[in-house]
Structure formats: C-alpha cells, structure tokens
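Undergrad: Below, each chain spelled out in residue letters.
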Amino acid sequence: EPEVTQTPSHQVTQMGQEVILRCVPISNHLYFYWYRQILGQKVEFLVSFYNNEISEKSEIFDDQFSVERPDGSNFTLKIRSTKLEDSAMYFCASSQRDRGQGYTFGSGTRLTVV
Amino acid sequence: QKEVEQDPGPLSVPEGAIVSLNCTYSNSAFQYFMWYRQYSRKGPELLMYTYSSGNKEDGRFTAQVDKSSKYISLFIRDSQPSDSATYLCAMSGRLDSNYQLIWGAGTKLIIKP
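Residue numbers (our numbering), protein chains in the order written: chain A, 1 to 114; chain B, 1 to 113.
Chain B on its own, in the form it takes in the complex:
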C-alpha cells in the first residue's frame, strides 16, 4: 500500500493563528517525511523533512512524526498571509526495492489578514 491521506481543505484561519496540517499513511516502510509548500503555478518547495519519529523545529514551523500512529503534522505559529499556499506532505521509503516518494493531495491554506 502506498496511500497517503491528506485533507484537501481549504483551511481558512485568521492571521496570527496556529495552523495544524496533517497526513496519515498506511505503509510502515516510510522512513523520510517531508512537507512542501506550493504557491499557485509554482513548483513544490521543501519546508521540512524528518527521518523516522520525532519533532523538528525551524522558525515558525514544527514538523512532528508519530510512526506508531502513522500520522505526521506540520504546525505553523504566528501565521501570516504570505503562508497562504498549498501544503503537501510527502514520504519515502524502500517500496518495491526502490525508494519512492509518495505524495499527499495537498491542503490549501488561506490566512486571512
């Protein structure tokens, strides 16, 4: 199974709010977990990546991985209108003898000024 589930949204929050974005997955072979941000008509931009379980923080962004629950999260603190974009989770692991990158559908985030 390669499925990665992600709510497509849109998720609309007021400026300054804490945003929580999530993905679930079913395949325990995934080892690397990533969050990408994609602005309209642009390529995905890597925000965070985490190997295995745990937390990682970078500025206003925190990524969490819970491999036991097969659940990953991205938190954005003090959200800004410029954070409005589609956020894609992606994960990789050795599937069918090759490392494959499997994507979620992306969650559209709207930060209202």
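Just chain A, same shape as in the assembly:
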C-alpha cells in the first residue's frame, strides 16, 4: 500500500538552529500538508500546498516556517530559527482531493529543541 515517508524520525536541535523536515508524499497525490502535534495536545494544521504554492496556512505558520517541493517528489518543512515551543511531532500528509477525507499521514518526525 502506498505510504507517506518522513525523515528523520527524530531530530534534536539547539534553540535558534534551522531544521528541515523531509517528506515523500504518495506519488499521484496533488495536495500536501504539514501538521504538528505537541505532546498530549490536539493535531494542529500548519500549511497546505497545491500546484507548487501554499494554498492555506494557519496562524502557527509564521515567518519562521517555510515549505518547498524542490524536485517534484520531496516536500520539505523548514523552521528557520527553532524555539523550545517548536518541540512536537510533525506530520506530513498528502491527498488526491482537498476535501479533508482521504489524507494519508506519514509516521512523523519528532522534533526536540533543547
């Protein structure tokens, strides 16, 4: 069964450092998403991406965050200057349609900012 692949599974970084989280979505999907989940809290939407541009972003997705699809297969989330409160699980998801159903999630990257 097709799956969304995320790397690394765990990233530890020092506060203020830049991190890049990587995702390989399902190949025939058109919509891509990043979500995060702080330990013990709800899954939170960060950003959606379609046709090589951001289609929607949440209040969390400020100027410290950026997304790219550099080569037609990878989908990356960059955090420019990490803060302690960025520590969370970051999930990538992809879907064929943008209606909320049918999202396939990756296993996530656990980001720990120290």
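For the record, the hints were derived by calculation from the structure and aren't laboratory data. In this text, all values refer to a predicted model and were calculated from it rather than measured experimentally.
Have a look at the derived ranges for each label pair, beta carbon to beta carbon:
no. : chain 1 : residue 1 : chain 2 : residue 2 : range
1   : A       : 16        : B       : 16        : 49 to 55 Å
2   : A       : 81        : B       : 69        : 43 to 49 Å
3   : A       : 22        : B       : 39        : 19 to 25 Å
4   : B       : 5         : A       : 62        : 23 to 29 Å
5   : B       : 15        : A       : 12        : 34 to 40 Å
6   : B       : 71        : A       : 96        : 26 to 32 Å
7   : A       : 97        : B       : 82        : 26 to 32 Å
8   : B       : 68        : A       : 83        : 43 to 49 Å
9   : A       : 16        : B       : 113       : 43 to 49 Å
10  : B       : 10        : A       : 10        : 24 to 30 Å
Don't be surprised by glycine CBs; every beta carbon is placed ideally from N, CA and C.
With chain A held as given, fit chain B onto it using these hints.
TA: For chain B alone, coordinates are given in the frame of chain A:
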C-alpha cells in the same frame, strides 16, 4: 466556530466488548467526518470517513453521523488488545472559503486482555 469536542479518556474496556467513541461539534458547515487511529509515536491512520449523515460499516467498525444533533460515533465490535490506541475524530467543510480539517483531542482506548 470550529470546535470539535471529544472526551480524551482513557476509556478502558475488556477484550470482546463493544466500544463506543463519540464527538460533538458546533459548526453545521462540516460535511465530511472521519475517524483516525493513532498508535503511540505514529501518524494518524484513516479508519473511516463518511459524507453527511448516515452509517458506514467496515468489518468490526461502524461510523455514524447525526448532523441534526451534530454528533458522530465510532463503534468497535469484538474489541481486541490491538485496538488499543488513540482515536481521533476529524471533520471538514468549507470554513472561511477553504476546506479545513478540524480535529478532536482524541480518546485514548485501552482494551484489557
């Protein structure tokens, strides 16, 4: 309003029991209703999705949507220890001119052998 309410649990039941998980919501714009299962330190896995009101069955799982009451349910029959996980409801609809996926907090389910 975007709120989706879900009891975080934990809900502990003996193996073989019927499990009932529920969410309530307030925004009538929601049209798609989903249940995801999340094992510890893993991503959410789509179990069921339903469009509008009605029932949907898949094996041991049944999803129900009652839009008039703004209430959705997931039933698990013949529960197994491997069903132990966090179950998240999620729903989407055209909010603020975009389709948005709004999540419940998740209910932690423990099936005791």
